Amino acid sequence: MTDNERAARNKKIAHTIMWIVLLILFICFIFPFLMVIINVFKDKSDITRDPLSLIGATKGFILTNFPNAMKKMNFWTVFGNSLIVTTCSTILTIIVSSMAGFVIVRNSKWKFCTLMFSLMIASMVIPFQVLMVPLVSVYGGTLGVLNHRITLILMHVGFSVSMAMFMFHGAIKTNIPIDLEEAATIDGCNRWQTYWKVVFPLLKPTVATVAIINAMAYWNDYLLPSLVLTKKELYTIPIATQAFYGTYSTDLGLIMAALLLAMLPILILYIFLQKFIVAGVTSGAVKG
Amino acid sequence: MKQNTLGYKIKQYLMFAGPGTVLFLAVVIVPFLYGLYLTLTSWDGVSAQKPFVGFANFAAAFADSDYWAAMGRTVIYSVFAVILINVVAFALAYLVTLGIKGQNFFRAGFFVPNLIGGIVLGYVWKFVFNRAFVAIFGGTSLLSTTNGAMFCLIFASVWQYAGYMMLIYVAGFMSVSAEVKEAALIDGCTPSQAMWNVTIPLMRSSFVQCIFLSITRCFVVYDVNLSLTKGEPFGSSVMAAMHVYNQAFTYKNYGLGQAEALILFIVCAIVGVTQVMVGKKGEVEA
Chain E
6 MTDNERAARN KKIAHTIMWI VLLILFICFI FPFLMVIINV FKDKSDITRD
56 PLSLIGATKG FILTNFPNAM KKMNFWTVFG NSLIVTTCST ILTIIVSSMA
106 GFVIVRNSKW KFCTLMFSLM IASMVIPFQV LMVPLVSVYG GTLGVLNHRI
156 TLILMHVGFS VSMAMFMFHG AIKTNIPIDL EEAATIDGCN RWQTYWKVVF
206 PLLKPTVATV AIINAMAYWN DYLLPSLVLT KKELYTIPIA TQAFYGTYST
256 DLGLIMAALL LAMLPILILY IFLQKFIVAG VTSGAVKG
Chain G
2 MKQNTLGYKI KQYLMFAGPG TVLFLAVVIV PFLYGLYLTL TSWDGVSAQK
52 PFVGFANFAA AFADSDYWAA MGRTVIYSVF AVILINVVAF ALAYLVTLGI
102 KGQNFFRAGF FVPNLIGGIV LGYVWKFVFN RAFVAIFGGT SLLSTTNGAM
152 FCLIFASVWQ YAGYMMLIYV AGFMSVSAEV KEAALIDGCT PSQAMWNVTI
202 PLMRSSFVQC IFLSITRCFV VYDVNLSLTK GEPFGSSVMA AMHVYNQAFT
252 YKNYGLGQAE ALILFIVCAI VGVTQVMVGK KGEVEA
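Those protein sequences? They're chains E and G, same order as listed.
With the numbering used here applied, the first sequence corresponds to residues 6 to 293, in that order.
With the numbering used here applied, the second sequence corresponds to residues 2 to 287, in that order.
Honestly, the hints are just simulated from the structure, not real lab data.
Distance condition first, Cα-Cα at most 30 Å in a straight line; then the derived DSSO-like pairs of lysine-lysine:
1. E:Lys76 to E:Lys237
2. G:Lys231 to E:Lys236
3. G:Lys182 to E:Lys16
4. E:Lys76 to E:Lys236
5. E:Lys114 to E:Lys178
6. E:Lys237 to G:Lys231
7. E:Lys16 to E:Lys280
8. G:Lys10 to E:Lys209
9. E:Lys202 to G:Lys12
10. E:Lys17 to E:Lys280
11. E:Lys116 to G:Lys10
12. G:Lys282 to G:Lys182
13. E:Lys49 to E:Lys237
14. G:Lys281 to E:Lys114
15. G:Lys102 to E:Lys17
16. G:Lys10 to E:Lys114
17. E:Lys178 to G:Lys10
18. E:Lys209 to E:Lys178
19. E:Lys114 to G:Lys12
20. E:Lys77 to E:Lys64
21. G:Lys12 to E:Lys116
22. E:Lys202 to E:Lys178
23. G:Lys102 to E:Lys16
24. G:Lys231 to E:Lys77
25. G:Lys12 to E:Lys178
26. E:Lys236 to G:Lys253
27. E:Lys49 to E:Lys77
28. E:Lys280 to G:Lys182
29. E:Lys49 to G:Lys231
Which residues of chain E face chain G? A few of them, derived with a C-beta cut under 8 Å, are:
30. Met40
31. Asp55
32. Pro139
33. Tyr275
34. Val286
This structure is a prediction, so every number in the text was calculated from the model and none was measured.
For glycine and all other residues, C-beta sits at the position ideal for the given N, C-alpha and C.
Excised from the complex, chain E in its bound form:
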């Protein structure tokens, strides 16, 4: 056996070992999901008896947990609320912050633009906990606009505009040549037309990144929605899950179904858009 062959063989063995290590780690990572999946088809008494068995000992394989949990959790309403809030907030965030990034990057000599830019960057370190009490005080007490989806949507946008603006700012600065805009102006576009017809279409990769990061954050957000939406018919998935757990914590079968229902939409989306989500999150994290 030559040295080359031996090296190749050693490498192959090493890779096989690493592959097995990865597989074990992978199983550890998805273990909680597996637990939910095997127990969702069992009756609560069977779950209490043996949470590890694949099929319930007394009642066997049952599907009734799903319709029961869906009914009690008001799943379609809650799902609809989450969908509306997430979609509207994401679209608005993209429109509002990309335009802000554009005007700030192209007029960096205006003092007001630099001031707003620095203020937005500095504000990114403020955690939500510092803002929640005054937020509830102003919008709940003084203005009384809580319990409307639109309030939550606008607040979501307000909280993410600085980060998203920063990412669009960077993208426009490095990727959009100013000559392009000058050409558009000469061809008779005003600033508004230049932006929407020339600049915005070129920002697609950043739009995707911002959309993915923010949509995930909005979908999973609990604290802000729980403060803004206190009426049952406006609940989003995380609030509904929390409320449901409080009411039915003894019926483990229902809980399993509710947890799985809460996770399914985003997991299904992930199966189809996995490549984009991983790429989007990576570029968002590295730039931000």
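We have chain E already, so just place chain G on it with the hints.
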């Protein structure tokens, strides 16, 4: 059209950045400033008057032993969680950049916990700790003991964030060019020396970033805390953010709660900024 008049500038700014600026000021800057004012009052959240009390809330916050106990727990939790998150994430990133078959599948898999919100995954882990682990290992649930509850919180957080940080480390590994590593090996480095002396120093910015992200997230942990332990047993796992929430919204001490939130923010900002400054200092470029 003249482009340097004040009117033109205002019009341009408002047309593009107007909505963003208004929303940003309305939900970040105004509440922040109003919050500073609230710390000087003893508002109960209901009544119209907000009695001015000066710095009494800060004095009360410094004297609030529950708050400092929660803060101490948050520091312990953050130290363990941040170290473990980054060790696990780095190890995972190393394993999924070796060029093993199916590494993209593994990358995608390790990221899955990050897709799920803190509330839902807290409940999932609660079930696993209370039922599945008890069935496997016997004994009582870890969540019912003081130290066990802390351990569970750290465990769940590591599980939640490791996949996310892994993606940043993977990007870091990819940014170190193969030529540099090859050159080190030709110069007589062993693979582990090349790792410690070449690859890791070049990935310093990834470390700075991951540690910063995990510190800032761990310090204000709330969702997982609420769903996994709810502060139990006997309030022994109440983190600072949960204490602030309870102080303001449960006990209706809005002024005190806001003062405590502000202190939390200052501590968090000092730790975060120090870490970034220390981290950036020794950054090297290839």
